[in-house]
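Using the sequences and the hints given, assemble the complete structure.
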Amino acid sequence: MLKYLMKRSGIYLVMIFLTTSAGYFLAVSSLKPAVLEQEKIPRPTPEQVAASFRGLGLDPAKNAWERYVDWLGNIVTHWDWGRSPNGASVNAEFGDRVLVSTRLFIASIILTLIIGVALGVYSAARQYKFQDRVITSYSYLVHILPAPIAYFLVQLGAISVNEAVGQRIFFVTGISTPGIDPGWPAFVDLVAHYAVPTFAMTIFGWAGYQIAQRQYLLDNVNADFVRTARAKGLTRNQAIRRHALRVSFIPVAQSIAFTIPAIFTGGFFAEAIFAWPGIGLWSIQSIGLQDVNVATATLAYGSVIFAIGAILADFATTLVDPRVRVQ
Amino acid sequence: MTNIIDPIAEIDESRVSDGQDVVIAKSRIIFRRFMRNRTAVAGLFVFLALFLFSLVGGFLTPWNKDTIDPYNIGMGPSPDHFLGTSQAGIDLLALIVEGTRISIFIGLIVGGVSVLVSAVYGCTMAFFGGKVDAIMLFILEALIMMPAILVVAVATSGSGGLKNLPSWLLLIVVLLFFSWMGTARLVRSLSMSLMQRDYVKAAKYMGVPSRRIVWRHLVPNIGSLLVLDFTRGITGAVLAEVAFSFIGIGIKLPDVSLGVLIGQATGQVSSFPWMFWVPLTVMFLLTGSLAMMNDGLRDAFDPSSSSIGRAKRTAVRTVKKTTK
Chain H
1 MLKYLMKRSG
11 IYLVMIFLTT
21 SAGYFLAVSS
31 LKPAVLEQEK
41 IPRPTPEQVA
51 ASFRGLGLDP
61 AKNAWERYVD
71 WLGNIVTHWD
81 WGRSPNGASV
91 NAEFGDRVLV
101 STRLFIASII
111 LTLIIGVALG
121 VYSAARQYKF
131 QDRVITSYSY
141 LVHILPAPIA
151 YFLVQLGAIS
161 VNEAVGQRIF
171 FVTGISTPGI
181 DPGWPAFVDL
191 VAHYAVPTFA
201 MTIFGWAGYQ
211 IAQRQYLLDN
221 VNADFVRTAR
231 AKGLTRNQAI
241 RRHALRVSFI
251 PVAQSIAFTI
261 PAIFTGGFFA
271 EAIFAWPGIG
281 LWSIQSIGLQ
291 DVNVATATLA
301 YGSVIFAIGA
311 ILADFATTLV
321 DPRVRVQ
Chain D
1 MTNIIDPIAE
11 IDESRVSDGQ
21 DVVIAKSRII
31 FRRFMRNRTA
41 VAGLFVFLAL
51 FLFSLVGGFL
61 TPWNKDTIDP
71 YNIGMGPSPD
81 HFLGTSQAGI
91 DLLALIVEGT
101 RISIFIGLIV
111 GGVSVLVSAV
121 YGCTMAFFGG
131 KVDAIMLFIL
141 EALIMMPAIL
151 VVAVATSGSG
161 GLKNLPSWLL
171 LIVVLLFFSW
181 MGTARLVRSL
191 SMSLMQRDYV
201 KAAKYMGVPS
211 RRIVWRHLVP
221 NIGSLLVLDF
231 TRGITGAVLA
241 EVAFSFIGIG
251 IKLPDVSLGV
261 LIGQATGQVS
271 SFPWMFWVPL
281 TVMFLLTGSL
291 AMMNDGLRDA
301 FDPSSSSIGR
311 AKRTAVRTVK
321 KTTK
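From first to last, the protein sequence lines stand for chains H and D. If you read the first sequence in the working numbering, its first letter stands for residue 1, the second for the next number, and so on. If you read the second sequence in the working numbering, its first letter stands for residue 1, the second for the next number, and so on.
These are computed hints drawn from the structure, not numbers from a lab. Note that beta-carbon positions come from the ideal geometry of N, C-alpha and C, so glycine has one too. There may be inaccurate statements among the hints.
[As the list claims (entries may be wrong)] 20 Å max Cα-Cα, derived EDC-like pairs, lysine to aspartate or glutamate:
| no. | chain 1 | residue 1 | chain 2 | residue 2 |
| --- | --- | --- | --- | --- |
| 1 | D | LYS26 | D | ASP255 |
| 2 | H | LYS7 | D | ASP299 |
| 3 | H | LYS3 | H | ASP321 |
| 4 | H | LYS62 | H | GLU47 |
| 5 | H | LYS129 | H | GLU47 |
| 6 | H | LYS7 | D | GLU141 |
[As the list claims (entries may be wrong)] Computed footprint of chain D on chain H; a stretch qualifies when at least three of its residues, placed anywhere within it, have a C-beta under 8 Å from a C-beta of chain D:
| no. | region |
| --- | --- |
| 7 | 79-93 |
| 8 | 286-299 |
Spelled out as structure tokens, the structure:
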């Protein structure tokens, strides 16, 4: 088992390396920070721009391959992911950004997974009944609503709640109020900032899990082994819980791998709409600022998140699927 | 055997034509099964209406998307401008027609081409197996890993050589590049299991050429998946375009799309509500009509479909009698 996970990790490391390298070449060849420098007042001469970029390791005179070799050399030797055109170090800011993003997503990831799977089981057990139809149609409706627009509508809703009550209950943007007292007021402030983004990401996030879980469970509910369990005297709910549920969770566990990067991309939209200065917003802004190193670093982070998700999915499969353990 | 015939649909036909043995073309069976699903037909009509609107809707209004009406700036719907005007005084109807056309165009191209690519890629993997399969799977997973949104952002906001291309073309290329992997994986696993079926083995041992096996046995079986993926691909591409343009990457002005219109209007929802809600409604009609078509299409193309329409009771009973 451990050997298998090690082998998978090795393959993913190679993949991360390749996608990051490809991303670097794409970024280096299309992002030109020198263009933005021309908009500064007073306008610097091209020589000044070139000199300042050379100092930051962003020498525009070098070709893509030479810059790639320099950049990779710095990462391998001192884990230095380079600098932005304005001189800021990527390493210094990276940690804060990841922390903000993780704080934003962790609650909604867990809630989404639990609610989605629970609703999937619930609706499968009541197939074609009223509850099933409501839950499943809601999930299909969410599928045709783009994430940023969904978040924006939630934001509008929260604003109208604030207006209706006449005071600011929910904060629709930002991460915390500056200068708040520590202790209880800080906690209330935290909750008020968390509530809207977490709510939005959760209610628009569980649809995928719900549909998948419902489908897989329905495939198994009428299987022979469940009928045998019923014949041995288990109630319908016991048979579903002990026999069908476990089998039907295997493909769902695997699909988590492919939804974790989706949460990450959904995260771009959430951070952009709710103005949380996390890693997704950073990457979009950095691309607007023609910042090669930040764009590549965030892309590498996205790949790593994906790989972690995929390995976790393999691990979860071995937990719920006894057949894999035997091999 | 030139056609794959659904026995029940065949009976349906023979009952109509007084018990004569008639072989109906597969396309007709598919068409009939599709027409039985009311939701799907309604979806198809909405989609066709929108498509037509995007082509000839320009004749509904004397204005076009470049003309500014200085007397009606930021006005709500009125007899002069059916849907109102933007803050710049441009007729919203003209903008919507243009935006719908670009959105449908992106959806059709990305949906169609990515289905083709994934079918060919997935079948190739399943057909050759071994090393070819391993290498192609590696490339595929590496592509899945790459966050598409960053590549979209880099490609559309870079100031390098890509700047000269129109933004919708760039978006199509990038979306195409990142949209086919999921289906390719599905096609691969599905055709791998199909290759093990007895009828494929039998055809192989009978010396039927591979190309024919693929066409006769594999394509009809994965056809339902591919058709479904075509409509899903359109929806996905339309949604991706809206999402990307909404946060300011993707399509850039002066090109107009539904996403650009919705995104631009978010700042002033309270003062210019029509600028936000009208394009949003059109987007919903577009993606909603495609979603309504999904189930009907899947059923129509499924060779093991149990949709038998009006022939239900009597026909099935006669079959049982005759087979006894």
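Going through the hints against the structure:
For the proposed pair LYS26/D and ASP255/D, the alpha carbon gap of about 42 Å is over 20 Å, so the pair is violated. With a C-alpha separation of about 41 Å, the suggested pairing of LYS7/H with ASP299/D is violated against the 20 Å cut-off. For the given pair, LYS3/H sits about 18 Å from ASP321/H by alpha-carbon distance, which is consistent with the 20 Å threshold. Taking the CA atoms of LYS62/H and GLU47/H, the gap is near 14 Å; set against the 20 Å cutoff, the hint holds.
Taken as a hint, the LYS129/H and GLU47/H pair is broken in the structure, with Cα atoms around 73 Å apart against an allowance of 20 Å. At most 20 Å may separate the alpha-carbon atoms for a hinted pair to count; LYS7/H and GLU141/D meet this at roughly 15 Å. As drawn, the region 79-93 of chain H meets chain D at 0 residues by the rule of a beta-carbon pair under 8 Å; below three, the given contact is violated. As drawn, the region 286-299 of chain H meets chain D at 6 residues by the rule of a beta-carbon pair under 8 Å; at three or more, the given contact holds.
Checked against the numbered hints listed earlier, the structure breaks hints 1, 2, 5, 7; every other hint is satisfied.
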